[in-house]
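Protein chains: 2
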Amino acid sequence: MFSIGELSKRTGVKIPTIRYYEQMGLIEAPERSQGNQRRYSKDGMQRLSFIRHSRELGFSIGDIKGLLELSQHPEKPCHDAHNMAARRLEDVRARIAKLQRLERELKRISDCDADTVAHCAVIETLADHNLCETEH
Amino acid sequence: MFSIGELSKRTGVKIPTIRYYEQMGLIEAPERSQGNQRRYSKDGMQRLSFIRHSRELGFSIGDIKGLLELSQHPEKPCHDAHNMAARRLEDVRARIAKLQRLERELKRISDCDADTVAHCAVIETLADHNLCETEH
DNA sequence: TATAATCCCTCTAGCGACTATAGATTCAAG
DNA sequence: CTTGAATCTATAGTCGCTAGAGGGATTATA
Ligand SMILES: [Zn+2]
Ligand SMILES: [Zn+2]
Ligand SMILES: [Zn+2]
Ligand SMILES: [Zn+2]
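These protein sequence lines map, in sequence, to chains A and B.
When the letters of the first sequence are read in order and numbered with this note's numbering, they come out as residues 9 to 144.
When the letters of the second sequence are read in order and numbered with this note's numbering, they come out as residues 9 to 144.
Some hints here could point you the wrong way.
[Stated by the list, open to error] Heads up, simulated EDC-like pairs for lysine to aspartate or glutamate below, C-alpha to C-alpha not over 16 Å straight-line: (1) 115/A - 99/B; (2) 73/A - 30/A; (3) 115/B - 98/B; (4) 22/B - 64/B; (5) 84/B - 132/A; (6) 84/B - 123/A; (7) 115/A - 88/A; (8) 73/B - 36/B; (9) 50/B - 123/A; (10) 84/A - 132/B; (11) 115/B - 141/A; (12) 50/A - 136/B.
Hints were generated in silico from the structure; no laboratory data involved.
The structure displayed is predicted, hence computed values, not measured ones.
With the hints as constraints, model all of the structure from the sequences given.
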């Protein structure tokens with residue numbers, strides 16, 4: 009049985025975030041001490057670690073609810089989990105592609121060697137997308 | 009002189025977003041028709057295009073305020089603009105790096121060929137970061 | 001056992017950059 | 001002059017937290 013502070017230290021999830029997850033229905037309300045303070049079990053800690061890791065991998069709160077549900081039912085098929093992971097992967101790849109286009113433009117405009125705004129590549133480019141090399 | 013709807017079509021910025029930018033002080037309050045509707049000039053349109061392009065390149069509202077200010081003063085030095093662009097570039101690169109680590113993990117777990125949750129690589133990995141190949 | 005330091009409680013509001021809705025008014029075309 | 005589309009303001013919701021106020025609980029030390 010640990011307090012919310014101990015749980016926080018062990019999982020690396022901040023205290024208000026733990027309470028927020030409880031409110032969002034990701035973790036069930038734990039037992040309370042006589043003085044109404046939360047007391048967590050090892051089970052609760054594992055669940056929170058699962059949530060943290062899922063967040064780090066970019067899953068949304070909604071997805072995590074589904075994944076937690078699944079994880080409680082080992083006999084169920086796992087294609088739902090695969091689909092979520094695949095969608096995440098697609099999304100991550102799209103974001104990488106977009107950021108790489110941005111990187112290219114930002115690198116280009118950062119190369120400005122003018123001194124004043126009048127001939128600055130940064131300002132000129134922001135005013136006119138036609139000066140860009142890619143779509144974005 | 010165009011209405012907010014026309015301005016929206018020409019710049020690709022949604023109507024509520026234009027009003028939001030006005031509230032945030034990015035664009036000055038335009039003239040009004042007799043019936044209190046906004047009427048924009050070509051100048052207003054260029055300013056909004058500048059804002060849109062800056063947002064597409066990932067600059068924050070705060071940064072854009074500064075960039076707009078600068079763009080009104082061609083005689084000023086442009087190193088502030090360079091600094092902002094450089095910071096953006098760094099940020100974009102860091103985000104790309106992070107997303108690439110995520111991509112790797114997501115690709116790995118998406119390769120699960122189990123049928124049930126009991127042996128699913130997705131669920132197992134989410135429960136235990138030690139199964140990951142990288143930090144993230 | 002008293003007291004102080006630390007921890008924890010609930011509730012509310014704020015972040016950034018929008019987006020959505022409701023209910024009222026104005027505009028432009030026929 | 002009527003109708004339907006566009007616009008107005010004001011307010012609340014989105015996501016995933018984070019911060020603060022004003023209290024109560026727990027724990028360590030004296
Ligand atoms: Zn320059
Ligand atoms: Zn561009
Ligand atoms: Zn699987
Ligand atoms: Zn991991």
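List of violated hint numbers, smallest to largest: 3, 7, 9, 11
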